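Student: Single-letter residue listing:
2 protein chains.
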Amino acid sequence: MCMSVAVGLLAARLGRAAEVAARRGVDLLVVTPGADLRYLLDSPSSSHERLTCLLLGADGHNAPPALVVPTLEAPGWADIPLEALGVEVITWNDEDDPYLLVSDLAGGPRRVAVADSMPAAHVLGLRDALPEAVQTLAGGVLAQLRMRKDASEVAELRSAGAAIDRVHARMAEFLRPGRTEAAVGADIAEAIVAEGHTSAAFVIVGSGPNGASPHHKLSDRVIAPGDLVVIDIGGPLASGYHSDCTRTYAVGAQPAASVRDAYEVLREAQEAAFRSITPGVTAEEVDAAARGIVDKGGFGARFLHRTGHGIGLDVHEDPYIVGGNPLRLEPGMTFSVEPGIYLEGDWGARIEDIVVVTDAGAERLNNRPRELVVL
Amino acid sequence: MCMSVAVGLLAARLGRAAEVAARRGVDLLVVTPGADLRYLLDSPSSSHERLTCLLLGADGHNAPPALVVPTLEAPGWADIPLEALGVEVITWNDEDDPYLLVSDLAGGPRRVAVADSMPAAHVLGLRDALPEAVQTLAGGVLAQLRMRKDASEVAELRSAGAAIDRVHARMAEFLRPGRTEAAVGADIAEAIVAEGHTSAAFVIVGSGPNGASPHHKLSDRVIAPGDLVVIDIGGPLASGYHSDCTRTYAVGAQPAASVRDAYEVLREAQEAAFRSITPGVTAEEVDAAARGIVDKGGFGARFLHRTGHGIGLDVHEDPYIVGGNPLRLEPGMTFSVEPGIYLEGDWGARIEDIVVVTDAGAERLNNRPRELVVL
Numbered sequence: 001m002c003m004s005v006a007v008g009l010l011a012a013r014l015g016r017a018a019e020v021a022a023r024r025g026v027d028l029l030v031v032t033p034g035a036d037l038r039y040l041l042d043s044p045s046s047s048h049e050r051l052t053c054l055l056l057g058a059d060g061h062n063a064p065p066a067l068v069v070p071t072l073e074a075p076g077w078a079d080i081p082l083e084a085l086g087v088e089v090i091t092w093n094d095e096d097d098p099y100l101l102v103s104d105l106a107g108g109p110r111r112v113a114v115a116d117s118m119p120a121a122h123v124l125g126l127r128d129a130l131p132e133a134v135q136t137l138a139g140g141v142l143a144q145l146r147m148r149k150d151a152s153e154v155a156e157l158r159s160a161g162a163a164i165d166r167v168h169a170r171m172a173e174f175l176r177p178g179r180t181e182a183a184v185g186a187d188i189a190e191a192i193v194a195e196g197h198t199s200a201a202f203v204i205v206g207s208g209p210n211g212a213s214p215h216h217k218l219s220d221r222v223i224a225p226g227d228l229v230v231i232d233i234g235g236p237l238a239s240g241y242h243s244d245c246t247r248t249y250a251v252g253a254q255p256a257a258s259v260r261d262a263y264e265v266l267r268e269a270q271e272a273a274f275r276s277i278t279p280g281v282t283a284e285e286v287d288a289a290a291r292g293i294v295d296k297g298g299f300g301a302r303f304l305h306r307t308g309h310g311i312g313l314d315v316h317e318d319p320y321i322v323g324g325n326p327l328r329l330e331p332g333m334t335f336s337v338e339p340g341i342y343l344e345g346d347w348g349a350r351i352e353d354i355v356v357v358t359d360a361g362a363e364r365l366n367n368r369p370r371e372l373v374v375l
Numbered sequence: 001m002c003m004s005v006a007v008g009l010l011a012a013r014l015g016r017a018a019e020v021a022a023r024r025g026v027d028l029l030v031v032t033p034g035a036d037l038r039y040l041l042d043s044p045s046s047s048h049e050r051l052t053c054l055l056l057g058a059d060g061h062n063a064p065p066a067l068v069v070p071t072l073e074a075p076g077w078a079d080i081p082l083e084a085l086g087v088e089v090i091t092w093n094d095e096d097d098p099y100l101l102v103s104d105l106a107g108g109p110r111r112v113a114v115a116d117s118m119p120a121a122h123v124l125g126l127r128d129a130l131p132e133a134v135q136t137l138a139g140g141v142l143a144q145l146r147m148r149k150d151a152s153e154v155a156e157l158r159s160a161g162a163a164i165d166r167v168h169a170r171m172a173e174f175l176r177p178g179r180t181e182a183a184v185g186a187d188i189a190e191a192i193v194a195e196g197h198t199s200a201a202f203v204i205v206g207s208g209p210n211g212a213s214p215h216h217k218l219s220d221r222v223i224a225p226g227d228l229v230v231i232d233i234g235g236p237l238a239s240g241y242h243s244d245c246t247r248t249y250a251v252g253a254q255p256a257a258s259v260r261d262a263y264e265v266l267r268e269a270q271e272a273a274f275r276s277i278t279p280g281v282t283a284e285e286v287d288a289a290a291r292g293i294v295d296k297g298g299f300g301a302r303f304l305h306r307t308g309h310g311i312g313l314d315v316h317e318d319p320y321i322v323g324g325n326p327l328r329l330e331p332g333m334t335f336s337v338e339p340g341i342y343l344e345g346d347w348g349a350r351i352e353d354i355v356v357v358t359d360a361g362a363e364r365l366n367n368r369p370r371e372l373v374v375l
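Chains X and V, in that order, give the protein sequences. Counting in our numbering, the first sequence runs from 1 upward without gaps. Counting in our numbering, the second sequence runs from 1 upward without gaps.
Hints listed in this document are in silico derivations from the structure and should not be mistaken for laboratory results. Hints may contain errors.
Each pair may be met inside one copy or between any two copies, as identical chains are not told apart.
Claimed, not checked - Straight-line distance between alpha carbons at most 25 Å, and here's what the computed SDA-like set of lysine to any residue pairs gives:
| # | residue 1 | residue 2 |
| --- | --- | --- |
| 1 | K296 | V322 |
| 2 | K217 | E88 |
| 3 | K217 | G178 |
| 4 | K217 | E83 |
| 5 | K217 | A6 |
| 6 | K217 | P369 |
Computed from a predicted structure; not experimentally measured.
Okay, chain X solo, but in the shape it has when bound (with noise of 0.2 Å):
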């Protein structure tokens, strides 16, 4: 369990949400546990099949908080400050019926937002139990309060960019030719760890042809000289709030003229797209910024993803970097710029920084060369 979070934090987190909620035409909000759970009650519990949820009545809605949790469950919450906030336990016990206690519970809501995690028997068990209400996701009600990031949020994330900026320092350690993806990437999850993050999330090593494929993973493949080798990493602080960042390195040698001059793109894609950073430019005027030279530079069709997603206790939360949408950003808004140029059975390449919308335009939280690194 770790308490990081002062009580009175929580507390105003819990009002801002119940307030922003009643503005939505949210009557109530049911939050199981997850990402949006550890915001309001800094609780890192994890969902299962046992219904586990918080009750949190709108302004003006005529229903106490609650924890609604299963009795074998209930010693586990002994840490959070759950009477300072008002919240009462509820436990119930594996013979009863969790959903028609939350409907007892629950003030007879015309409209409940559940949260967006939450698994679909619990979503339908709710439906079943509370008939009249309709249901909506929590994410319209909680993304308002968890996209704009106060000073001690901002601070975790720089800490995790920090760290996840430590391992790509060691590389030269981990990549070398002759090594399998899968032997690079045990040693990056070690190191991962070793820089101070709780686990290694994700840890994708992309070598040659592999890196074409945005989201490959590990494999046997053996990395060879003059690869080209996606290094996508990341992982939770004991806070809960994660780093991500990508490099691209060339290993052994330089590569071709063509593959410099096509990565000399993405760089100034990405340097584009967080320069365009500013209080009041929206999500896909950035997207656009990236795309724009990545188009020019006669790539836009190897493009095959958004600019970038939002971070903090989720790994991709709002706010989505991506054509489409017209969220204009505000201080305190914190997500990753990574646009990649991928060419199908050859090779790929992408540069990821997770960056924080300031007054004046924005920081980066990662800060290793961005320029093609030969290993």
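Given chain X's structure and the hints, the job is docking chain V onto it.
Tutor: Frame of chain X; chain V shown alone:
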């Protein structure tokens, strides 16, 4: 990618799912990554905010099998025999609406069954894209298949049981007075992997009063001579099938006679529940067999949970061995038998074996001593 299931077997599972769906009045199954998808396609993919799903029409419903997958994830499916299984791959880009894509492919279903573990964001996205369809849980269909294990699945669970038994056999290496639960747990986690699991999915070391919290994990509590310690551990093999076994140890000395007597009640309860298993007995009768002995021993109120849970590709799945479950057990069903006694603030004990129902009764897949072992 671990390709351990033959194409013919996967084809049979898909066919049987379509057949059971039709019988249950479901038109279309929508299965996102998780144990259900691993069962149907042998894919170990995991779920995230981008929609990946298998669409499987029921017998007689006009929707050809399709895998909807984000473009950037598609290469990760290259090893899955989708073409041989007649499953068409449909990719979507970050700017597209994947729910509308599903709606186009769905063939106008009246009843759509979504995977029990599908995140709410996808459940409600599909609800809005298919407003005429009633949503139900795919678990009602797929559990009918998954809880009846075939010989190869039982063989995997037997291997998993033997692997976790080897960890328990080494417990004297790890569990000693003067060590913290966390230190003991770290050693056990390493041993779980060393003995053949791909990860340590859960490690509970509940010493002294912590043993009275059934789902306690690890803490910095130093284990003292005379402590009773609950060790509940397991993880997946490469095939995805799980182990899960609990033993309770006395450390350094025999506990008091009253504790030994209570432990003996627990041992008898576990034995009685095991002996009650035979084809045709109901899940609640097996629960009652354990509970009757614990009640008679005077600890009824201290047995805080159901007697057991099914196990396979999920650690917890159908059938649940719980009061109110009238399901009749059949050969090939696999589940835990794990009564516990928990004295708050004092000590706890639990004995857990995974068992498989046979034609004649049941077979235990865990075989370490059930008497109280003093380390």
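Student: A separate judgement is required for each hint: does it hold in the structure or not?
Tutor: Evaluated hints:
Taking the shortest alpha-carbon separations for K296 and V322, only the intra-copy value of 18 Å comes in at or below 25 Å, while the best inter-copy value is 63 Å. Proximity of K217 and E88 under a CA criterion of 25 Å is satisfied inter-copy only: 24 Å between copies versus 43 Å inside one chain copy. In this homomeric assembly, K217 and G178 come within 25 Å of each other (Cα to Cα) only inside a single copy, at 18 Å, whereas the closest approach across copies is 41 Å. Taking the closest pair of Cα atoms, K217 and E83 come within 25 Å of each other only across two copies (23 Å); inside a single copy the shortest separation is 44 Å, beyond that limit.
Taking identical chains as interchangeable, the C-alpha atoms of K217 and A6 lie at most 25 Å apart only when they sit on different chains, with a minimum of 24 Å there against 37 Å within one chain. In this assembly of identical chains, the alpha carbons of K217 and P369 lie at most 25 Å apart only when taken from the same copy (23 Å versus 41 Å across copies).
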